[in-house]
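**Q** So the sequence shown is numbered by our numbering: it starts at 3 and just counts up by one.
For the record, the hints were derived by calculation from the structure and aren't laboratory data.
All values reported here derive from a predicted model rather than from experimental measurement.
The beta carbon of each residue, even a glycine, is placed where N, CA and C say it ideally should be.
The reader is advised that the hints may include incorrect statements.
In the PhoX-like style, the derived pairs of lysine-lysine whose C-alpha atoms are separated by at most 20 Å in a straight line are [claimed, not checked]:
| # | residue 1 | residue 2 |
| --- | --- | --- |
| 1 | Lys40 | Lys99 |
| 2 | Lys4 | Lys99 |
| 3 | Lys4 | Lys49 |
| 4 | Lys83 | Lys4 |
| 5 | Lys96 | Lys77 |
| 6 | Lys40 | Lys96 |
Here are the simulated distance ranges between beta carbons [what the hints assert, rightly or not]:
| # | residue 1 | residue 2 | range |
| --- | --- | --- | --- |
| 7 | Gln38 | Glu88 | 25 to 33 Å |
| 8 | Asn14 | Gly52 | 27 to 35 Å |
| 9 | Ser51 | Met3 | 28 to 36 Å |
| 10 | Gln64 | Ala115 | 29 to 37 Å |
| 11 | Gln64 | Ser13 | 17 to 25 Å |
| 12 | Asn65 | Phe15 | 18 to 26 Å |
| 13 | Val10 | Gln38 | 18 to 26 Å |
| 14 | Gln106 | Ser50 | 22 to 30 Å |
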Amino acid sequence: MKLIIPAVGASNFETEIHENFGRANYFAVINCENNQIKFVNNTAANKSSGAGVGAAQLCADQNADAVAAYHFGPKAYEALKAAGIELLDLKEQKLIKEAFNDYQAGNLTEAEAGPGGHF
Numbered sequence: 003m004k005l006i007i008p009a010v011g012a013s014n015f016e017t018e019i020h021e022n023f024g025r026a027n028y029f030a031v032i033n034c035e036n037n038q039i040k041f042v043n044n045t046a047a048n049k050s051s052g053a054g055v056g057a058a059q060l061c062a063d064q065n066a067d068a069v070a071a072y073h074f075g076p077k078a079y080e081a082l083k084a085a086g087i088e089l090l091d092l093k094e095q096k097l098i099k100e101a102f103n104d105y106q107a108g109n110l111t112e113a114e115a116g117p118g119g120h121f
């Protein structure tokens with residue numbers, strides 16, 4: 003089971019969560035079976051358009067089972083859903099470890115598509 007969370011940096015579980023899924027600098031890719039974390043560069047972050055869809059493709063390429071974020075644009079939402087990836091809503095979590103702990107405890111709810119545009 004792989005969980006992906008948008009991240010500001012690329013260090014460890016203490017890394018802050020990025021507020022924008024498509025524009026995140028990195029993605030934390032967490033193997034939930036052994037609690038291993040790695041970070042991948044979001045190559046779509048600086049696209050003038052289509053960053054969310056590009057980020058969704060990156061998550062699919064990483065074989066994500068679930069992605070947790072503060073919000074998803076409508077195109078990213080649809081792309082992730084089409085790839086069979088579960089979308090989870092973050093609320094108050096600030097660090098990767100907080101989101102991961104809430105995920106493991108079953109405290110994250112299903113996300114809905116947010117408004118389009120940049121945040």
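**Q** Please go over all the hints and tell whether each is borne out by the structure.
**A** Do the hints match the structure? See the list:
no.	hint	result
1	Lys40 x Lys99	holds, 13 Å
2	Lys4 x Lys99	holds, 14 Å
3	Lys4 x Lys49	violated, 25 Å
4	Lys83 x Lys4	holds, 15 Å
5	Lys96 x Lys77	violated, 25 Å
6	Lys40 x Lys96	holds, 18 Å
7	Gln38 x Glu88: 25 to 33 Å	violated, 20 Å
8	Asn14 x Gly52: 27 to 35 Å	holds, 30 Å
9	Ser51 x Met3: 28 to 36 Å	holds, 32 Å
10	Gln64 x Ala115: 29 to 37 Å	violated, 21 Å
11	Gln64 x Ser13: 17 to 25 Å	holds, 18 Å
12	Asn65 x Phe15: 18 to 26 Å	holds, 20 Å
13	Val10 x Gln38: 18 to 26 Å	holds, 20 Å
14	Gln106 x Ser50: 22 to 30 Å	violated, 37 Å
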